[in-house]
Every structure is written in C-alpha cells, then in structure tokens.
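Residue numbers (the working numbering), protein chains in the order written: chain A, 1 to 474; chain B, 1 to 474; chain C, 1 to 474; chain D, 1 to 474.
Some hints could be false.
[To be verified] Keeping only pairs whose Cα atoms sit at most 20 Å apart, straight-line, the calculated EDC-like set for lysine to aspartate or glutamate is:
#: 1; chain 1: D; residue 1: LYS52; chain 2: A; residue 2: ASP298
#: 2; chain 1: D; residue 1: LYS252; chain 2: A; residue 2: ASP257
#: 3; chain 1: B; residue 1: LYS52; chain 2: C; residue 2: GLU331
#: 4; chain 1: B; residue 1: LYS313; chain 2: C; residue 2: ASP274
#: 5; chain 1: A; residue 1: LYS406; chain 2: B; residue 2: GLU80
#: 6; chain 1: B; residue 1: LYS52; chain 2: B; residue 2: GLU193
#: 7; chain 1: D; residue 1: LYS261; chain 2: A; residue 2: GLU118
I should point out that these hints are in silico values taken from the structure, not numbers from a laboratory.
Spelled out from the first residue to the last, the chains are:
4 protein chains.
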Amino acid sequence: VEDGDKVTGESLDALLAELTRVNNSRERASLLFQWLIRPVPAKAFFSETWEKKPVFVPRKNPDYYKGLFSTAEFDRILREENVQYGVNLDITSYVNGKRETHNPPGRALPFTVWDFYESGCSVRLLNPQAFCSTVWNVLSILQEQFGSMAGANVYLTPPGTQGFAPHYDDIEAFVVQLEGKKHWRVYNPRSEEEVLPVLSSPNFDQAEIGKPILDVVLEAGDLLYFPRGFIHQGNCLPDAHSLHITISSYQKNSWGDLLQKVIPAALGVAMEEDVAFRRGLPLDYLTYMGVQNSDKEDPRRAKFLSRIESLMKKLPNYAPVDAAVDQKAKEVLHDCLPPVLTPNELATSVQGAATRWADGTVKDVGVLITTKTQIKIIRAMCARLCSDGDAVHICYTTDNSRVYHKEELQSFEIQTEHTDAVEFLIHSYPKFVTVESLPCDSVQDKIALAELLFEKGIIHTAEPLKSPPTVHSH
Amino acid sequence: VEDGDKVTGESLDALLAELTRVNNSRERASLLFQWLIRPVPAKAFFSETWEKKPVFVPRKNPDYYKGLFSTAEFDRILREENVQYGVNLDITSYVNGKRETHNPPGRALPFTVWDFYESGCSVRLLNPQAFCSTVWNVLSILQEQFGSMAGANVYLTPPGTQGFAPHYDDIEAFVVQLEGKKHWRVYNPRSEEEVLPVLSSPNFDQAEIGKPILDVVLEAGDLLYFPRGFIHQGNCLPDAHSLHITISSYQKNSWGDLLQKVIPAALGVAMEEDVAFRRGLPLDYLTYMGVQNSDKEDPRRAKFLSRIESLMKKLPNYAPVDAAVDQKAKEVLHDCLPPVLTPNELATSVQGAATRWADGTVKDVGVLITTKTQIKIIRAMCARLCSDGDAVHICYTTDNSRVYHKEELQSFEIQTEHTDAVEFLIHSYPKFVTVESLPCDSVQDKIALAELLFEKGIIHTAEPLKSPPTVHSH
Amino acid sequence: VEDGDKVTGESLDALLAELTRVNNSRERASLLFQWLIRPVPAKAFFSETWEKKPVFVPRKNPDYYKGLFSTAEFDRILREENVQYGVNLDITSYVNGKRETHNPPGRALPFTVWDFYESGCSVRLLNPQAFCSTVWNVLSILQEQFGSMAGANVYLTPPGTQGFAPHYDDIEAFVVQLEGKKHWRVYNPRSEEEVLPVLSSPNFDQAEIGKPILDVVLEAGDLLYFPRGFIHQGNCLPDAHSLHITISSYQKNSWGDLLQKVIPAALGVAMEEDVAFRRGLPLDYLTYMGVQNSDKEDPRRAKFLSRIESLMKKLPNYAPVDAAVDQKAKEVLHDCLPPVLTPNELATSVQGAATRWADGTVKDVGVLITTKTQIKIIRAMCARLCSDGDAVHICYTTDNSRVYHKEELQSFEIQTEHTDAVEFLIHSYPKFVTVESLPCDSVQDKIALAELLFEKGIIHTAEPLKSPPTVHSH
Amino acid sequence: VEDGDKVTGESLDALLAELTRVNNSRERASLLFQWLIRPVPAKAFFSETWEKKPVFVPRKNPDYYKGLFSTAEFDRILREENVQYGVNLDITSYVNGKRETHNPPGRALPFTVWDFYESGCSVRLLNPQAFCSTVWNVLSILQEQFGSMAGANVYLTPPGTQGFAPHYDDIEAFVVQLEGKKHWRVYNPRSEEEVLPVLSSPNFDQAEIGKPILDVVLEAGDLLYFPRGFIHQGNCLPDAHSLHITISSYQKNSWGDLLQKVIPAALGVAMEEDVAFRRGLPLDYLTYMGVQNSDKEDPRRAKFLSRIESLMKKLPNYAPVDAAVDQKAKEVLHDCLPPVLTPNELATSVQGAATRWADGTVKDVGVLITTKTQIKIIRAMCARLCSDGDAVHICYTTDNSRVYHKEELQSFEIQTEHTDAVEFLIHSYPKFVTVESLPCDSVQDKIALAELLFEKGIIHTAEPLKSPPTVHSH
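Given these sequences and hints, build the entire structure.
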C-alpha cells in the first residue's frame, strides 16, 4: 500500500486529485506522507529517524511543494479574511540576540503587514488551514497518518534577517521550504532530560546551545525534519526572502500522556475492587514518613515503602486501558480537522445531497435509504465509539471547525442495541456494506440508524441517494 | 435630498449601484429607505405612521424587492455556510393553536431543512446579513436612517400553514414580501400599557387579541409596516408558499432607555456638587416611611415626600446629557453592522490599499499621506468621539463583525491635542478635507493622526494613495 | 420623654440597669444618647450641631464613661478571644509625617500586641461590640436613636505618640475619652465639595489642612463630636497614654443614598405607566447630541434637552418612595446589631423560655400561647414589613450576628391574611396587645401567627409563658 | 507506655487532670484511648478488632463516661450558643421504615428543640467539640492516637423511638453510651466491595440487610465499636431515652487515599526523568486500542498492553512517597482540632504569657528568650515540615479553629538555614532542648527562630518567660 510509485502526481494538485480516487483515508494519508518526505521511504523514516534525529531532504526541484501555499496566497488571505494581529498572525524580529514581537492591535491588512515586512520583520501566520483550503486538505489527510492532530504555521522572512531566537519545540516538525531559501542550524538536545521534552523551551542565547549538528540551506522544494527537543534556528541570506510552512504533530501524544488517563482510572478501579487499597494507613505513619523523617533509620519506613510498592505493582491489573485510550481518542478527535470531501463524497453524503429548493418548491426531499443502500463511514478516523461507564457515545469530527477547538467535540448517545452495528460499520471500513447487513434487531432499526449517521455526515453512500417515485404529497 | 426621483433604480441592484455614487451615507440611507416604503413619502411616514399605526403598501409589482433575498439564496446558504439549528435557524409550527419548535441539534443542511419544510414546518433564518451580502449592504445603509441598529429575519412558510402564534414584538417591523403570498392580520395594542412596549409579548390565544384592524394578503413586492406593540399573525394560503424578510429597528431605543443612562449619572453629579443630596436622612424617617406606614396620617410623611420631590426636581440641573448620549451611542455603534465598501471606497481605504505582495517582493509599501491628501470619514456614523471622564476615545464600527456582537466595540484613546482634529473631520463629513487643514499643532501631528485613522479604516482618501518615488530601500 | 432627669444613673452600669425598666426601646435610645452628650440637650444638639460643626464637652469627671470599655478589658479580649491582626486589630504609627501599618499575620495575643505598644505603636480594635458585651449593649440601644447602624472602634495610644495622619471620615463621630488624655485638633472641610462627604479622605499632609478650628485636650470623661468631612488628628502628650472609643453613625445615610433606590425604581414605573417614556428617540439625535456635538449651535439640542428635562420632571409622580425606603430599611436592619435582652425580656421570649431538659426529661414543653396572652415586638426597630412586588416579607434583626454582616438578613414571607396583624403589632409598640386583638380571620390564625413570631424571637410576652396543665403525654 | 494502670482516674475529670502531667502528647493519647476501650487492651484491639469486626464493651458502670457530655450540657449549649438547624443540629425520625428530617430554618433554641423531642423526634448535634470544651479536649488528645482527625456527633433519642434508618458509614465508630439505654443491631458488610468502603451507604430497607451479627442493649457507661462498612441501627426501648456520642476517625485515611497523592506525582517524576515515558505512542494505536477494538484479536494489542504494564511497573521507582505523605499530612493537620492547653502549657506559651496591661501600663513586655531557654513543641503533632518543590514550610495546628475547616491551614516558610533546627526540635519531642542546642549558624539565628516559633504558639518553654531586668524604656 505504501507504494509511492502508485501515485506519482506531477504536482500537489495532481496528487490530491489522484488521492480522491483512493478509497481508504488511511491509504491516502500514507501516500501523501510519502510524497512529503520522498525519496525517504516512510517505513525507514519511522524506524530510523522519527523521534530520533533530524534529516535534511534536498531536492533541487523548486516546484516540488508548489500549490501548497505561497506568499501570493498569504496576500490574498490578508485581503479577504479577518486576520487579527496576535491571534492569527505575529510580527517578530531577532536582532543582536534580542527577540521581539511587534503586534499592533486589530486586523492585519496588507497595508501594515507589508510595511513591517519591508522594515525587516518576520511574519508568522498561525494555523493557515483556517484560511487556505489546500493546507486544510493536506493536514486533514495527514492527521490519519499520525493518529494525532497535524498542525501548521507559515513563516515569511525578509532577506538578510532572522525572526526567532534558537529554541526547541514540543512537536515533531516538518519544515517545508516553499519559496526562496533559508539557512538552518539544528542542535542536539542539551541533556537527557531535554530529549523528547514535554514542553517547548524558552528562547536561548547562542552561548547556551553548543555547536550545530546540521548546518544547511533549504531551497524551495527542500524538506527539513527534526524531532521535539532539537534546538533550531533559521535565518535568511542577504539575497533571498524565505517562505516555509512547518507541519507539526505529536504534541502531548506520549505514553506518559496516555498514562495520565490510565493511572487515576486504575486506582479508582483498584479501590473499588481490592480491599487492600481500602485498608487504613498505619496509626503512626506520620511519625516516620514525610520529608522531615526521610533521613530516619526506621524499619517501619522500609515496610511502608514496600507496601506502597506492592500496591502500585498491582495497579496494572486494574488498568482500564481501552477506556483510557478512548478518553485520549476523544481529545484527538476534538483536535482534528474536519474532512475535506471529494466531489464524489460530497455527492453521496448529507452535505451534498440533492435535496434542494428549485423552481419555487423543494426537490428530492425524503430520499430513500433502503436495506439495499450501501454505506461506509466517510473517513477511517471520523467517528469512534466511546464508553464512559453506562452510556456509549459516538464521537465524530465531521462537525469540527477549521479553527482549532472553536466547537465542542460533537457526540451523541448510541442505544445499546445499535452499538454492534456501529462497531461493524467502523470495522468494515473502507468497504461499503448494505444497510441490511447491519447487525440490528429489525429492518426499521437498521434504516433508522443509517439515517441518523447519514444526517450527521458520518457515513456516505455508494451511490447518490435517489428520491422516491413521485406521488405528489401536496 | 430626500428626492426619490433622483434615484430611480429599475431594480435593487441598479439602485445599490447608483447609491455608490452618493457621497453622503446619510443621504444614501434616506434614498434607500424611501425605496423601501415607496410610494409613501418618508417625511409623511415618520410624522404620521412611524410608532403610531400599521400601513400596508401593495404594489402589484412582484419584482420590486427582487435581489434582496430569495429561497434560492437560502438554499445556497444552507449548502455553503455553517448554519446551526437553534443558533441561526429555527423550525417552527403553529397547528390547532399550538406553537412548537422542532430544532434538532447540529448543522442545518438542505437535506433535513427541506424535509421539515415539506412536512409543513416554517423555517426562520436569523440575521441573514451574516450570510447574504445584499442583506448586509441594505441593513448597513439603513442603520444610518434609523440612528439605531437595523436587523432582519427571514421567514419561509409552506402553502396552507402558519408558523407562529399571534404576538407582538419590541421593534418597529417592515415586512417585505419576497416570494409567494401571505395573509396577515394586525391588531391594536390591547391596552395603553402595551403601546410601544419595552418587551415582546408571549404567544397569545386567538381569544385574547380581539378583532384585526388590518386583514390583507401580501404578494411579492408588497410591504407591511407595524409598530412595536401591534399584535400580528400571518399564514399561507393553500395555493402558495411565502418568503418574506422582516427588517426591524428601534429595539430599546426610547427616551426611557436613554434616561437609564442619564439619571444615575445625574444623581452622581448632584451628590458631588450639591450638599443637599449629601445631608443625612431624618433620624426617625423609618418610623413613618415605608410600606408598613403608607396608610399613616403623619405630617412628616408629606414633608419627607416633598423633600424627595424637590431633590428629584433639581436633578435635571445636574444631568450630563451629552455624556449619557455617548454611552448610548457606544451601544448603538457596537450593535451596528460594519460598512460594505463601494469599489471606490475600497480603492481609497486601508482595506483595498495597493500595498501587496507581487513577483516575490512587496509593492507600494510606505505609500504617502501628505498634507495635501484629502480625507473624510468613510461613513457618517462609522466613528464617534466619546468621553468618559478623563480620557477621550474614538469608537468605530469598521472592525465590527457581520455577526451581532461577535466582537467587542473597538476604540482607542485620542490624545487631547488631537480631539479637535477628529471633531473637525467628523463634522466636515461628507466633505473631503486636506490633512493640512486638520487643527493640529504640527504637520507631523496632522500626518500621524491621518495615518492612524487610515490604518483603522475610519477614513478614506479622495484618490488612491500613491507610493513614494522609488529610492530603493534595501 | 427626653428628660435626662428621669434617669440619673451614677454610673453607666446603673444607667443601663435603669434603662431595662424603660419599656420603649426608642425612649431607651433617647435617654442613653442624652447621657452620651450631657449636658448638651439632645434637641439642641440635633438642631444646631449635628452634621454642622464639632463640639467639645469637657466634664472634669474621669469616671463619667466608666464601665463602657477599658484597657484591662482590651487585655482580656486579646487573651480570651480570637482577635486577628488586620481583621479585628491594627497596629499603626505616624512618625515624621509618615503613616504606617505594622500588622503581622495571625492572632493578636498580648505578648506581641503589648510589645508593639511599648515600642510606640498605636493599637486600633475594630468593632469591639463583637467582643465586649457592654459596648454591644450600648450600640444596640443607640442605633434606635439614629435610625441607622451605630458602630465603634477603640484606639489605644502610647504617651508622646500619634497613630494616624490627619484625615476626615464618612461618618458622624463621637470621640469618648476613656482613659488618660489626648490632644485633638479639628479642621474645617477644605471646600464645599468636602462638606458631608460621601467617602472618607486619604491621609493628608500637615500643609494641606490649614489651621484647626478646635484645639483641645480630652481627658477621661470628656467627649468630642465632629461631623463627617471635618479633618482631625489626635496625639498623646508625653505624660499620659490615651484610650478612647469612637462611636459612629450615618454612613451612607443621606438623601442621595435613598434616591439611589428611589430613582431607578421611579424610572421603571414611569416606563411601564407613561408612554412618553417609551416613545422612540429622534431618528437623528446622534448627529447633534453627545460630547462631540456639545459646542454645536443647533436648535434641536435645546429641544432634546428640554424633552429630557420635562421627562425627568415627571419622575417624582412615579416614585415608589415607600418601597424604596423599605429597600433602604432592609440594609439598615442588616447592618444593625441584634438586641441585648434584659433579664425580663429573656424570661418572656423564646430565647429564655422555660422549656428545658431537667432530671432526665424535658420540662415546660408545649407552653401555651392563648388568645389572652399579651405580646409586643421586642424592640421598636427589630422587625419590619417589606414588600417587593408580589410577596410581603417580615425582616428582623433578632438573628443578626454581633459580627457585622456575618449572617444574611433574616426574613420570611407573611401570608397576605396576616399582614394587617403584623402591621397592627408593629404600630402598637410599645404597648402589649392580646393575641385576641390581632386582626386575623380566625382564632387559629391569631395563635399560629403569634407562635411563629415568638419562635423567631420577634415578640415577647407580658408574662413568662406557662406550660399547660399536665396530662402526661407519654 | 500503654499501661492503663499508671493512670486510673476515678472519673474522666480526674483522668484529664492526671493527663496534664504526662509530658508526651502521644502517650496522653494512648492513655486516653485505653480508657475509652478499657478493659480491652489497646494493642489487642488494634491487632484483632480495628477495621475487622464490631465489639461490645458492657461495663455495668453508668458513671464510667460521666463528664464527657450530658443532656444538661446539650440544653446549656442550645441556650447559650448559636446552634443552627441544618448546620449544627438535625431533627430526624424513622417511623414505619421511613426516614425523615424536620429541620426548620434558623436558630435551634430549647423552646423548639425540646418540642420536637417531646413529639418523638431524635436530635443529632454535629461536632459538639465546637460547643463543649470537654469533648474538644478529648478529641484533640485522641487525634494523636489515630494520626487522623477524631470527630464526634451526639444523638439524643426519646423513649420508644428510632431516629435513623439502617446504614453504614465511612468511618471507624466508637459509640459511647452517656445516658439511658439503646438497643443496637450490627450487620456484616453485604459484600466484599462493601468491606471498608470509601463512601457511606444510603438508607437501607430492613429487607436488604440480612440478620444482625450483634444484638445488644447499651446502657450508660457501655461502649460499642464497629468498623466502616458494618451496617447498624439503634432504637430506644419504651422505658428510657438514650444519649450517646459517637467518636469517629479514619475517614479517607486508606492506602488508596495516599496513593491518590503518590501516583500522579510519581508519573510526573517519571515523565521528567525517564525518556521511555516521553516517547510517542504508536502511530496506529487508535486503530486497535479502545473499547470499539477491545474484542479484536490483534497482536499489537498485547504488545501495547505489555508496554503500558511495564511502564506502570516502573512507576514505584519514581514515587516521591515522603512528599506525598506530606501532602496527606497537610490535610490531616488542617482537619485536626487545635490543642487544649493545660494550665502549665498556658503559662509557658505565647497564649498565656505574662505580658499584660495592668495599672495603666504594659507589664512583662519584651520577655527574654535566651540561649539557655528550654523549649519543646507543644504537641507531637502540632507542627510539621512540608516541602513543595523549592520552599520548605512549617504547617501547624495551633491556629486551627474548633469549627472544622473554618480557617485555612496556617503555615509559613522556613529559611533553608533553619530547617535542620526545626527538624531537630520536632524530633527532640517530648524532650525540652535549649535554644543554644538548635543547629543554626549563629546565636542570633537560634534566638530569632525560637522567638518566631514561640509567637506562633508552636513551642512552649520549660519555665514561664521572665521579663528582662527593668531599665525603664520610656
């Protein structure tokens, strides 16, 4: 499946067009990711490079990423969209070791933004996916490769300047050079504690960061990847401006982040199920435990610590890992972009259904979902069954906003008798199944469930829905 | 100025095009309002009808309001915009005297909306100005006629149905019939207390409202106006659906609403300036005043009441009316729609300034505002000086959102030495004035103020700004 | 009634004992206040001095106020009560024109308080009524003289020091010298605006306050009164410490404070009843009103201002003065101290009812209130009927705390059929009336109401209640 | 130490007097606890009964607990203290299987409380330690036996009635019969999950609870103990009322409660120190983990679960147990009652220091703490060093309130150079040590620390402090 040869778009536009014919969103993601890092094979990348070390991919092909984003598109966005200083866009500079932000209040229009640029400031556009459909499309596809939100920022830097101080981030970064060129230096994490760090660093002085392990000039079409924790800085050479987009993922997506869900839940279960966790503490433990007693030689300390250890060691037995993964999954689904539908998906889903107003009346109302209708979920990752104790809910991304967390995660309760059918649907992906094949008790149930999922935009049909044979209702 | 003949657009589109050539936004407002109520003369309307009684304007011209809104536009909005049930759109019915709302959660797509419609429900689209540019344009012009926000809702009703129970509203209503026809009945306020009421009514039973004073059928191109407090109900005849837009204004815009700002401020000033307000109450007033003593015959009561009355009668002397009007004005400016710029306004304002990215670099940066540049505020009502004690601020509507109160009212402080110049600019409207003519202390001040107002979108120039003669900066 | 000769207590203790035999709490208040300012006649004081000018009452009788408070009592309080620095007590100094506060955190015990004192700091005990029963008793009596809360602070100053900078307060102040002596200087308000001011002043420099109009030395037994707004400062002479208590009243108790309740209510009524207040503002008022137009010569301004004035002049017609007084009264009742019951009041009220546990069982339970029982409210000001729209409530002070606002004001709803009876009871004060005489519909109602009021501590009976003739219940 | 013979008070009063001569508060606690459960030996009790099973201790000595509490004391409290229905006192009944609460609003005076009692209601007084000094003293001593807050409620029940439905509690309960007698039935936990439960149960029906394992009549002087989770109910026989006090402890004091502090802290440390916790989750884990995949046979599931388990098993290595115990200890100290000082403790601590006002001046100010002064902390459990990251604080109970959580836990920062000295002091308990012996850098430091701890009431001295030789300061 991960055969980069299958999809050989001469350009991003062509590639994205080809991808609309790939039925499995995970395969689409894999192909698009392969394009991003080509010629590095994805498999090798994930086993040898990802989370381990930086890699520089020069291409000598300035058009490789063409169509993804451009300064012309940037100018259009400033003109047509409500871009706010400090919210969507930052004006920055790094001169003589001093990093500054220059955002005025209010809307960022070309008149002022380009004036800042001309005076040597860098411009960072946050979350361009909210303004640019191609970036939205690319990121919404890639997030299924990562199983985690894919984000982006765009950086425009005038010739001969630098906009940011050296620092490291808390995300895996793919620096995609779009226009011009930029000189990049990448440095090793400074200590074991800063390998794959939980939080981004402050700005560093040049004296704090040692020598670069990578010192390259990216030109349009080139790629630079580095894991979180690797310090980096980029500056423009005197002869060219630079425009790049940084695609990022894996923020707060570590085993520890998952354990923050697993462990308190495990302790809750253990306290319910195992009386050893409910027994009282020793009457006198405060007299030999605690920081003020930590230097005491007291055999009770060892016994106490050993009891704590043995209880902690029992915890995995009570860990509700799947439920904790669902808690994490709900956060991931909330973070994710809504899918960009292909024309065919649009024609076969609620968003593009034929039902419409025309000639003074409504047309194609009451279209029929029948037992023969073939359905599938619209993306592998667009919906998920999540159980929180009693009720089972289906969470879904199709009503998410392009603006990060602008909407709450949408979900609705699934009746117990429908959970098997929803699970069947999700596991059948990417195959279409007939409504008839849903494991529900009755035909009415099957159709009701299919209609519900269709109306929420979670499923689409193999063929556009047809309206029933006309027997004039009015 | 209110000469309806000057502007005789064959259609709304033509009228709006002609209005772009009217330099004064108040005049534009007046002409557009005249078109709305034609052939009733505006002057007569405001002296005889406004806030007094309903009026029906039949036209026998189904295309009169063409272009303002249509069900086809409605269908487009549902398809392309994120319309949410319960937030932007309501599904309602009124059957056998029972009024119901049927909103499901989530996005309102044609697939479900038209299904509700087909089953006999009415559809109300709230604030169509957020989705439809023509409605936005019309309302943003009309608000300068009313000196108060102009709002709108759209109502689509299937043949043979009624969507709402009889009720009265708290706004002046212009019912503009766009498609089909609708049977309307209007009733007098039920009592003196319900004349020009402060709040809307609940739904009434048919038995509570008496006999209609107006019983008409609106056809496309007709208009019906009624003041707040007049009960009304509309239903579709069996043979036609109805689409109308209700344009509204004057919500909470009464003398009493202004007095709610004036009077507490007046008391504050009185307590500062007049010791009579600071003197202590009588030692024993609690023994003869209050509800439990209201039936007492005690000469001290009369004396106490007379003292209260005399203090209240002194209050007008301390009333800071202009400051209170400014408080009210700030609310009005916050309520208002941002202006829709004409092509010429766009070319001469910050929003459409020539500064841009082209051919790998920025163009027309640092355009010159000089002492000779001619400027004016972009709308009569787009900006206002407001003083709250020490500082003077300029409040402005150009950064408002099309979505009601989505943004805070924008404002910034004006240095004392610039207030005269801003006042001069505002009072010069609709005339252009040179930057030189601004009453500031220095040329630098004049240009700095003009640049600031230009960057905020408050002023535009008589001619598009030109970039300075090129002496390469980098 | 205000005959100081009737009550001639040789000491405060004797006076308070005599006052327990005065049946009317207002008369008690009047007699105690007369004692406070003797030999100035109260009537003359309130007509010539109160809120007008300071007065110094020297007495050459160091024991005149004996028993009210003492430093020995202060020492007891520090020892036995939980006095907290910064909450109940402040340590201050004023040296070389610099005013400082030296409160450490935590409880104020004699060990540290007297150390501060010995090093030259002044000590202020806030609200001594919470700790000292005599002060509580005196203030709870005096508040009925003022019809407003009476408060107090105690000040102890070491010889040769001053604890506070010159300033003025927002209350009428009675400085009662208890021990030692203190040099006081009082200055006129600095301007008309500072006569009877709404708020206390900041600390003044000596240069800001002019020359004193009163320069005296208070010795134990002397009194100094000055109205709010009169600047004052006191310092100890080298040869003696000073202890004084300042009794205060009339904070926020001016006509203006009452008008803050009256006027918004009046506008609310006017908007409901008078359509003139509901009519819309002129379409164009924003173009000629407001600060930016205040210099305009426009005949519409005069017309607008005249309309505002005429509406304001109508407001007194709609002013619900009694209801507003009740709003103010509720605040006063909430501020007030609960009454200190005399032994006789205790024996005849719920607080001291004979019902008790003795010898392994309850005694005197189910005591009888009959139609013949004679009742009266326990203080003139302890309860009040207040109406807020629909329901009528009785508010009462008997559950207030000695600590200011520690409890919410207590109240309960009075059924409509009982309001006349409560009003009758309140107006009958200080006479006892029989339960039979209450204007209720039935005997049951009369007794139920009397029982309710008795249980809340609002009324007491002429004789201690007797238990019913014993027919053993168990 | 746990020798009940050493202390053989004929009565509680005598015992408490004897305990004032025991220098170690832990020994006091042990002796008082032994008295509580005599003749059961404490050691045997804690090894065989505590948290395991109920025990009934009949004594045939109605005066055994005399002086602890009585209905006469109850009556006094109602009369003299502000006891509020619903806050401090509940009126309850259990008739025909129906449990009801009858609290009116407001203050609970004997007049109404005894009326409820006479009509067959039970009366529960919550936290009598806030009103009764003996209960406060007893509980404040016992809490050092439990290393956890000791609480209490008092229950008064009329003859022939029952006040509560069968239920179990979340605390270890010592039912101390004070007057009359009561019939008690105790039942086993209904299931393994209800053994030592985390939360109290709802009220049970008689049918839900099985057969009692204990069915006894407590008479005055008897004791009944049962662990949390044991269902119980008590009712009065027709011939006698009952008064008992339930002394409780060990609420939320289990190993699991401590682990709730340990485990999140351990995960935090692990994420900082061990990169294995910071590595990213597998790209595809959402496709095989989570409830919707829990039935999947996928080898990746086992691998994933095994990784979770191995990480969890590493957690004990990172568990900051002492710091977590300190977090728990801070809660315990906040829960605890302040100590009741003995006369000797009072005379040698800040609370009873000789510093005072007498004869018009302050006496014994500036008493000397010298290097020779002998000091000790006033209770074993009254203070504790707690470290939260950077700073070390001392937390202490001496400023706690008798009312549960009325005050925040008091604490102050200890300078690093003083922590050893504080630890030395705490560990020296119950021995006095000289100020000189404190391990501080300088004599000034030693004295400054001692003064600070003395002023906070944390330490007392072997002898009452003496004032310095008088050299008149003023």
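Consistency of the hints with the structure:
Among the hinted pairs, LYS52/D with ASP298/A is inconsistent with the structure: their alpha-carbon atoms are about 27 Å apart, more than 20 Å. For a cut-off of 20 Å, the pair hint linking LYS252/D to ASP257/A is broken: about 28 Å separates their Cα positions. Between LYS52/B and GLU331/C, the direct Cα distance comes to roughly 44 Å. Violation of the 20 Å bound is thereby established for this hinted pair. Taking the CA atoms of LYS313/B and ASP274/C, the gap is near 18 Å; set against the 20 Å cutoff, the hint holds.
The suggested pairing of LYS406/A with GLU80/B holds, with an alpha-carbon distance near 18 Å, which does not exceed 20 Å. Taking the CA atoms of LYS52/B and GLU193/B, the gap is near 14 Å; set against the 20 Å cutoff, the hint holds. The straight-line distance between the Cα atoms of LYS261/D and GLU118/A is roughly 55 Å, outside the 20 Å bound, and the hint therefore fails.
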